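J.: Chain by chain, the residues:
Protein chains: 8
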Amino acid sequence: MDIMKMTQVDLERISIKGFPEIIYGLHKTTQQILDVALKLDAANQPVMITKLSFDKWKELEDKLPNGFYFESSQIWYSRPFPTMKNGKVLVLSAGTSDYKVVEEAAVVCQWMGCQTDTIQDVGVAGLGRLLGKLENLREASVIIVVAGMEGALPSVVFGLVSVPVIAVPTSVGYGANLDGLTTLLAMTTSCSSGISVVNIDNGFGAAYQASLILKLMNQA
Amino acid sequence: MDIMKMTQVDLERISIKGFPEIIYGLHKTTQQILDVALKLDAANQPVMITKLSFDKWKELEDKLPNGFYFESSQIWYSRPFPTMKNGKVLVLSAGTSDYKVVEEAAVVCQWMGCQTDTIQDVGVAGLGRLLGKLENLREASVIIVVAGMEGALPSVVFGLVSVPVIAVPTSVGYGANLDGLTTLLAMTTSCSSGISVVNIDNGFGAAYQASLILKLMNQA
Amino acid sequence: MDIMKMTQVDLERISIKGFPEIIYGLHKTTQQILDVALKLDAANQPVMITKLSFDKWKELEDKLPNGFYFESSQIWYSRPFPTMKNGKVLVLSAGTSDYKVVEEAAVVCQWMGCQTDTIQDVGVAGLGRLLGKLENLREASVIIVVAGMEGALPSVVFGLVSVPVIAVPTSVGYGANLDGLTTLLAMTTSCSSGISVVNIDNGFGAAYQASLILKLMNQA
Amino acid sequence: MDIMKMTQVDLERISIKGFPEIIYGLHKTTQQILDVALKLDAANQPVMITKLSFDKWKELEDKLPNGFYFESSQIWYSRPFPTMKNGKVLVLSAGTSDYKVVEEAAVVCQWMGCQTDTIQDVGVAGLGRLLGKLENLREASVIIVVAGMEGALPSVVFGLVSVPVIAVPTSVGYGANLDGLTTLLAMTTSCSSGISVVNIDNGFGAAYQASLILKLMNQA
Amino acid sequence: MDIMKMTQVDLERISIKGFPEIIYGLHKTTQQILDVALKLDAANQPVMITKLSFDKWKELEDKLPNGFYFESSQIWYSRPFPTMKNGKVLVLSAGTSDYKVVEEAAVVCQWMGCQTDTIQDVGVAGLGRLLGKLENLREASVIIVVAGMEGALPSVVFGLVSVPVIAVPTSVGYGANLDGLTTLLAMTTSCSSGISVVNIDNGFGAAYQASLILKLMNQA
Amino acid sequence: MDIMKMTQVDLERISIKGFPEIIYGLHKTTQQILDVALKLDAANQPVMITKLSFDKWKELEDKLPNGFYFESSQIWYSRPFPTMKNGKVLVLSAGTSDYKVVEEAAVVCQWMGCQTDTIQDVGVAGLGRLLGKLENLREASVIIVVAGMEGALPSVVFGLVSVPVIAVPTSVGYGANLDGLTTLLAMTTSCSSGISVVNIDNGFGAAYQASLILKLMNQA
Amino acid sequence: MDIMKMTQVDLERISIKGFPEIIYGLHKTTQQILDVALKLDAANQPVMITKLSFDKWKELEDKLPNGFYFESSQIWYSRPFPTMKNGKVLVLSAGTSDYKVVEEAAVVCQWMGCQTDTIQDVGVAGLGRLLGKLENLREASVIIVVAGMEGALPSVVFGLVSVPVIAVPTSVGYGANLDGLTTLLAMTTSCSSGISVVNIDNGFGAAYQASLILKLMNQA
Amino acid sequence: MDIMKMTQVDLERISIKGFPEIIYGLHKTTQQILDVALKLDAANQPVMITKLSFDKWKELEDKLPNGFYFESSQIWYSRPFPTMKNGKVLVLSAGTSDYKVVEEAAVVCQWMGCQTDTIQDVGVAGLGRLLGKLENLREASVIIVVAGMEGALPSVVFGLVSVPVIAVPTSVGYGANLDGLTTLLAMTTSCSSGISVVNIDNGFGAAYQASLILKLMNQA
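Protein chains in written order, with this note's numbering: chain A, 1 to 220; chain B, 1001 to 1220; chain C, 2001 to 2220; chain D, 3001 to 3220; chain E, 4001 to 4220; chain F, 5001 to 5220; chain G, 6001 to 6220; chain H, 7001 to 7220.
Isolated chain A (complex conformation) (with noise of 0.2 angstroms):
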């Protein structure tokens, strides 16, 4: 249809954050991506593409940039950001089955130029798994906790740093679960106040909020 115009790319946003454009692939054509991807690249800003289907990678394989795909997190990227030298992120989760959020988040971190590390699988049924890795916790600087169900974990490892921590429900669950939903509000109603909270499965989001608090201290 004549009237419906061109995607537009925010080329001016890593002037103002730091940070380009960031591709968001869950809804839109390999084309759109394309088309994005490839404006980005040309103004020499790193590429990133989020929620990108192995399908849909394997479409624009051989038409994107150089870069690495992650199949898990369904993330590609052209290439990361320098790592920063001060703080360091770790994400935690409390089960396997939430390790493509895990993967996204730290995917995301060490793009953004974070030492990052993962420990996962520390789930509050089982306590002594976390208190086992007490000293892991405390040497992370930020600190992204992963959990589905009713997504006590936070609440929990929140009590034992002194760090900011960021909340990632997932959908991992079923029932009274509600995709992920309970999680979210259980998180968002969290003993712990001072938990922050990203939506459900959104790795992404608390990634880059732990890498601008990483960029704050090493600015600082």
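The hints are simulated quantities; they were obtained by calculation from the structure and are not laboratory data.
Listed next, the in silico SDA-like pairs over lysine to any residue satisfying Cα-Cα at most 25 angstroms (straight line):
(1) Lys5088(F) - Ile3003(D)
(2) Lys7051(H) - Glu7061(H)
(3) Lys1133(B) - Gln2219(C)
Note that the structure is predicted; figures quoted are calculated from it, not measured.
Could you slot chains B, C, D, E, F, G and H onto chain A? The hints should help.
T.: Okay, now just chains B, C, D, E, F, G and H, sitting in the frame of chain A:
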């Protein structure tokens, strides 16, 4: 209105269930409550009234048989059942604000003949408080865990013990707590699968279930 | 991704809880499932995998140790715990459509060492079917009641017996059933206060709780 | 404000529907209520006002024509329709707390000319009470079943009779009851498919439907 | 699994309710459906199966007794009840998209012995279509109104007639329709108080209720 | 607290939007309201305050500039904009109980310079009342339809006219009405697609939109 | 089934509303769609079919009269109405993912005779894109704002212009977006009170409303 | 009741987290509040009580140690932590009605030692107000954005800065706002992915998180 019949008292319940009909006072008039109470008492059955507000109790005080009123938990009973020899119910709570529900559970357990104890204010935001009570936890035969907000405590407790845990969500919290609905759904979708849950603020229901479990132990 | 750590198996859970970690298969890859299963088996612990789809089982069949697969309930286990002498768990259901959840509960009870029986298809729309089984009901020590739709069966059953009733809402129904959420909420707000409830379709959780109750009886 | 027009009374409704406009008093001012009542009365139509609080009634008492006020159900009417010869409506309730809604239904049925009876407090937690009334149930032509909490009673009643059952969910309950919404949804998803349902606490609506059914019987 | 008992057929229902158990096919296996169907047929009872998908029917076609399959409404029945002399049920719908539910209601009414007619596609967006059918509306004894989206049709129809109206919300719509939940709630809170409502897409339930009303008329 | 800055008045809004900032009084203190009102008045802009309770108005009455207070709709304004020559807004309501919202819409339309009229109490339960006003409906340029409960009126009205219809759901109703949320969702999913909807009880918003439409007509 | 009547086409709608019945294709069979389309075409009325999937269109392509199919927006029409002289509708979107809804709105506007333009991908996360189009915004007579996720764009746009803004929530988003329900509710509770809202993804409804506004301008 | 144990104060929290236990006053009795406050004070820890209503404060005023009470935000504290040298927290709000939450956030930030500033009433309906403060925004290290209604402000602000943004939804709004739940969900599904969110009206939680971030900057 002449076709409106009188309340029916279920005097046979005690022979079927081992416990008499218990009067749920919330939506009843004092006259309706009194009618049932007197009929149960006349049949020589122990009487318990739950959700009996202080004002209603004041109206009824002189008309009811001898008994005990618990103001926080809004329970009145005439006389308890004999104490059972084996087992103990422990009522645990996340925060001081859960006091009323804890008392409701404890009063009902005692009335039904359970050895009963309580530990309050051991929420997961400061895990040390709970871990310091591990021995007490492991002495109990059944644990009732009362918690509001994100309702994480039952998940953690159940991971530490080998006995049945009954979770009572409370309406303590605000905003995303949705008057305890979030707590209820979170507990129901706990990663410590094996917990069972009762209605919001329903200390009575949890105590009833716990008492039936103790009765089984004492019959065995 | 190199910073993604391996799954952690909780080998100590059996000493704390009397039962080992049970593998929740729904969101895990077959590789993740196999890793945990083999580690538990190597530690000489009985292995159970729940929500293991037929397809995943087919992939794993040759790699797992000897065991049993239950297709309707999607459970695999290596070997059951020894049967306990005292008490019996009865799994009751409202309709034939609840079959899978009934099987899940029954398989888990048997695995955990419970004497177990089932009565299916005794929903309240034809009360005669239930009343005809009154003796069977009264022989049980714990009753698991599985029902979908409006979830009325546990309320009725609990009025007929003097033992603990654990209600399992199922997602059987449509429209206002809201995939079982209505059933869950209805059971939680039962007029037969004293019932406890587990998550939608969570036959496993109810069986776990029931087995712990039988264990108490056998220890007493 | 001058452009705000007067209330319009629907004086023709009685010729279309057999019954006049009924005044829903909840959100109206006493002046608005009185205007409509007097116009209906002037047109020689029987007048009924529902949800008329005691305070509003006190304000209106001297200005309204002769009539009857029912305090529990907050209904006022001037005079009933003549009683129909055939059929009987039975209003049944689960608990004493449903009293107000039962009275609302019974008063409206009587006003619309139905032979009417009530049985209260026969909830499913003690099934004996209901089964003891089986003959009364089977004499009725239409049964209105009023219940709060999990709303199981209509499902059970409908399985015992061969006549239409209209279910009225009430807001009796707390927590997961969600002010009657759970009851409404549960009744709507009843396993006794064939029940129809009206709004929460809407004894009036059920009575209206029941009366139309009796009218059909009397016309046939 | 050996402790899983067979399906129980409720052969006595026909003597209590005047109609036999009806087989709800949605969640049942073809074998489970067939078992019940053959037992009912062997007891010389008319058999009806609802929510029987085309694929399941194809599997069963040769094994079932003679009968009729209605593809749109997914109903199969062996033989209808004799037609009642008095009264008529009219099934009305708002839009062509409600076709399946209309057919379900009409088939069930005919099976239960009702004189039945349908008028489709008379939604309130073009009121002329409905007003042009006013005579047909006023000939009916009971009207089933099937509508999706905002569910306004029953409110309008009920204002035009003097007989019982049973509303069937459908899942026709999108977005704020919430798969018919909005329609259900809207119909339940209709300003034409006196309508009763059944579950979403539950043409069967409405037909059952309508048929019981016609039966009352024919018995009178 | 010293770092808490003063309220900011948006004096430039009138030049951008043609209308000044309007003061939403619900959550503001009288002092906050007064500050903004006086600044707008000092800038020679017409002032309007919405959701100004009677009590707050009484406190402010002597301090505000000359103006008009409408008690039902809780609006105060200093002076209206000049009346536009072309077009007319008609505010229509389903029931007398919607009075306050109708007045809010009408007052705002008049203030913004619209020729305005109202027709109340023409809900769909008695269609004759609406059809009797068809000419008035067809004289309007824009119609605001105010309705509670199932919110059917806008669907019906929009089918009868050829001009824009703006629907205002009200919180009139109870139970399944969910304080107007059902009404809002129902109107949004109207079969008369082409209606637009504003917030519950938001007569103001509908009037604002209607006035902008009339302004377009008068500019053309 | 013989009593199932044919679809009714509303041929008079064009004379009442100025536009013919528009065929909502989502739940209809191709045969039902074709019947209505041919009857409208035979009556010499322009035909439009919405939500016509590509597969359905392929089935119908040869049987429909000449016309145009828009694949993204799933619309087919035979011929547009003549273009109106005055005014312009601008369709604005927050993100590229909203493309389909934008096209739906634009196609419908053009069909109904509006001068139409679009600006896509100007969401509030990069405000510069929107502010750079301020002139285009201020040339429009009506603005349709299409946005998913938190739906902030209409609030911002409405603050920048003096014409009616119609907001279309889209289902673009995930998790807490609740398939667009959050977007719908957020837009409805906008701080820029005066916006009106249509159903989720309902570009058609917004375009219809916008076109009626342009028609008023052209009649004035 | 004798088995009800005393409140437990978590005196070790300050050594783990750097900040002491903070007393959440909403559901506690004044005696419970006082007990904890005095124990913390006796341990020489700064004391803060949140959600302390004016009435409760009046009761406690003479018994508490010296300190400061903030009436709008219902906070009392004994003495603040020393001010940190680096960084600044900016608390921004959409409207004057968000005042209380802004004050809560600002008071807590100051107590925790943050340089703190506020800008109120810069909601997106009049974008000029926000854009006029761009320099202030860009001086902050962390921005807390407080907004009710559709919660659009954090999305816009985050697009303008390069530092972490923490969003606080407020319950300011009505109808579709659902007491802030819509605001919470909208903020969580923001198109400016990278924002984190706290509970409704939880200025405290946002301030706590912001202060931890500033602490990281000051440690680096």
